[in-house]
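With chain D's structure known, arrange chain C on it following the hints.
Protein sequence lines correspond, in order, to chains D and C.
Just so we're aligned, residue 0 is where the first sequence starts under numbering that gives the first Met the number 0, counting upward by one.
Just so we're aligned, residue 0 is where the second sequence starts under numbering that gives the first Met the number 0, counting upward by one.
No wet-lab data here; the hints were simulated from the structure.
Among the clues, some could well be false.
[Claimed, not checked] In silico lysine to any residue, SDA-like type, Cα no more than 25 Å apart, as pairs:
#, chain 1, residue 1, chain 2, residue 2
1, C, Lys240, D, Leu348
2, D, Lys167, D, Thr79
3, C, Lys50, C, Arg11
4, C, Lys346, C, Phe246
5, C, Lys388, C, Ala256
6, D, Lys233, C, Lys233
7, D, Lys233, C, Glu342
8, C, Lys351, D, Asp274
Number of protein chains: 2
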Amino acid sequence: MESVISFINSNRERYVEELKDFLRIPSISTNPENKADVARCAQYVSDQMNKSGLQNIQIIPTQGHPVVYGEWLGAPGKPTILYYGHYDVQPVDPLNLWSSGPFEPTIKDGYIYARGSSDDKGQVFLNLKSVEAHMKINGKLPVNIKFMIEGEEEIGSVNLENFITSHKELLKADVVLVSDTSFFDDEMPSIAYGLRGLCYMQIDLTGPNRDLHSGVYGGAVANPINELANIISKLKDKNGKITIPGFYDKVRPLTKAERDAYKKLPFAKKAYFKDLGIKETFGEKGYSILEQVSGRPCLDCNGIWGGFQGEGAKTVLPSKASAKISMRLVPNQTPHQTAKLFERYVKKLCPKTMQIKVTELHGGYPAITDITTKEIIAASNALHKVFKKKPLFAREGGSIPVIASFERLLGLKSVLMGFGLDTDAIHSPNERFKLDNFHRGILSVALFYDELAKMS
Amino acid sequence: MESVISFINSNRERYVEELKDFLRIPSISTNPENKADVARCAQYVSDQMNKSGLQNIQIIPTQGHPVVYGEWLGAPGKPTILYYGHYDVQPVDPLNLWSSGPFEPTIKDGYIYARGSSDDKGQVFLNLKSVEAHMKINGKLPVNIKFMIEGEEEIGSVNLENFITSHKELLKADVVLVSDTSFFDDEMPSIAYGLRGLCYMQIDLTGPNRDLHSGVYGGAVANPINELANIISKLKDKNGKITIPGFYDKVRPLTKAERDAYKKLPFAKKAYFKDLGIKETFGEKGYSILEQVSGRPCLDCNGIWGGFQGEGAKTVLPSKASAKISMRLVPNQTPHQTAKLFERYVKKLCPKTMQIKVTELHGGYPAITDITTKEIIAASNALHKVFKKKPLFAREGGSIPVIASFERLLGLKSVLMGFGLDTDAIHSPNERFKLDNFHRGILSVALFYDELAKMS
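Pulled out of the complex, with its shape left as it was, chain D reads as follows (with noise of 0.2 Å):
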């Protein structure tokens, strides 16, 4: 391991360079606009692997975008780790606010900012790091691995559980690493344990069959945004409790072990409002911030829209208004039941004024692992051992919905051993990734087949 150790040392200045290539990719999985610039996304993944050691890599195409696999299976004998992870990032708008270009990477004090640098091209691409450095050096892995990168992971991994179901030969594994996670905090190396669900829903509602003038009709003709204000005021109560029937039914409620581990969880609370330029935190009452943000359920507008947006004055009532309203789900809420209870209480709250359209945009599976496990232990060594701290266990507030698909479709349970931190700004403008981070985090994983290796 010195000499794997010192040649990850020795190529800080290339690894940076090619993650900016990566970067310099848009690969908004979102944006129709956006296809070829994934494909080519799917490619660069493709030819890192290549670059790396791997074999039998593939660009698997699917309905939506490709999957691209690669494997390296010559450690007989030995666990196999599936590695998962996304190219496809986020949109960037808004766009004016961001300080540099969203595909030009650009690094300032130590992080590397672009769109997809923490989520999830840096951290995909660390771990393509690891088997490089291995595969350099000693020919060989000490275990063996497949990585299977996908694009669409930004819009919910539709095609996903299909493409598992289908290729089950291919991804047959003994355990799942992730690195889309976050570190507790700064300085904290940690190993995430839960994740939350999702459950995206949009609500369209249309009044007048037109665009009317307010003075004209005003007063008499209901308003789609009015209403549309009246609904989201009724999907929470004033204890931050939402009001959906049936909505709390199926959490499982935090145990008192649970409660007690997240009372010695660190956490700067003056910090946390000044970073975020906040006076006072809103949430579910009786539940701590750490509780709120990721052992409990919560639900959020993601966006609205309706009638004049532009610069002064325009005397319209519209004929439509939209949301988009997001639920995050803890175990054991599943997104397709929160999306009916949802869509049933929103079509009772509308009024006869409006018709209304309400729409599942996507969902994911919130998700529980063992803390215990030797794959758990032996991640736990690896970060030990280069951030010099014990990593802590957290749950994460955050989805990543395919991690339930595995264990529910190959069996598999996954450790989340991610590299992120909670100010990389992931979904929203000026995302960066620390880049002492980014190298670490090459020798954690370097260190992690190694120590795993070494427990089989």
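Quick look at chain C alone, frame taken from chain D:
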């Protein structure tokens, strides 16, 4: 008058062609990028004044878009009419809902379709053609007339009060004439005797200082869209009453006589619902639809925006959300005082998790006029002769704030003789103007001059 009438009837084709040129100019006053178009439109109005035989024509600059002035004062001892209109138009979005280009005037089924066709270019133009007809046939008018056509009506006539105040001598007259209102229904000529005022506000809410990942922060960080919806939902109660404290304090209740007059107005509820594609209305309980849209104040969201509005799903917890909200006012409410009540209430509703900015975008006073003056009787007689029906007197729901300004600053009452229809879709896609009303409008105004001269 016979030869004036026959001149008008024989020039119909030319009138429409000239009107098309006027409508082709995208004089959207609220868009900075259309500034040159607005200036070009002022020049077009000035040219048309010249063609009609008006004198002392001037394009008078203001702090914003210019006012175009022209006069003919060759009838000593006869009344002087101050005609007011506007050459600016509303924005055109949503553009995709237009069947033909908003600035490519298109004739179909007896209507001319274009932005500004009814509001107010078509109506300004027909008044100029009435002057032209008298001048061409008789070389003179039976009354004195001053035309004052502004370019900022659609942005609240922001510089007009200053203009009136600094041009009191130039604008000296006996009565104001305005053609910017609608017939009560399709075949029923109408004179509007009341107009609602306007108070147009914008709310901007800021929560966290940047867009956040809704998985990482959702559940603890307050969401500006949800909070904006909460605020909007508290502006009206379930009986359609506006809940802003003090809002109704200055509202002059409808008298029994007024309510009886409302009851006598023709109103085809079924056709109204069908035209709008609605099943039910929603307004202030205890008032008829006609009372709700013209005799009582109301509150409408004219626009709302925040977060992700694109295709698909973006899991953002946005930093900002905004709404445009306007209130229509009735006598004796005042815009600025209403804005203060609105601001005070909305700020009180705003939770501590949010920063709020409340902006008064524009406002206008409501107005009500006496229907027994000789000018109103002359207008009524003219309409009766042309349309073969005694016109209705009705209050309008829209706002022409300048009407109140003329009264306050110049001591002048107005005659609101408009030729639009409520189905003209003003401020909406596919705005149109009925060509028959355009041509009969020219006749009506020409006869109005004559009737008024005879009574003076």
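Do the hints match the structure? See the list:
no. : hint                  : result
1   : C:Lys240 <-> D:Leu348 : 19 Å, holds
2   : D:Lys167 <-> D:Thr79  : 14 Å, holds
3   : C:Lys50 <-> C:Arg11   : 16 Å, holds
4   : C:Lys346 <-> C:Phe246 : 15 Å, holds
5   : C:Lys388 <-> C:Ala256 : 23 Å, holds
6   : D:Lys233 <-> C:Lys233 : 11 Å, holds
7   : D:Lys233 <-> C:Glu342 : 23 Å, holds
8   : C:Lys351 <-> D:Asp274 : 17 Å, holds
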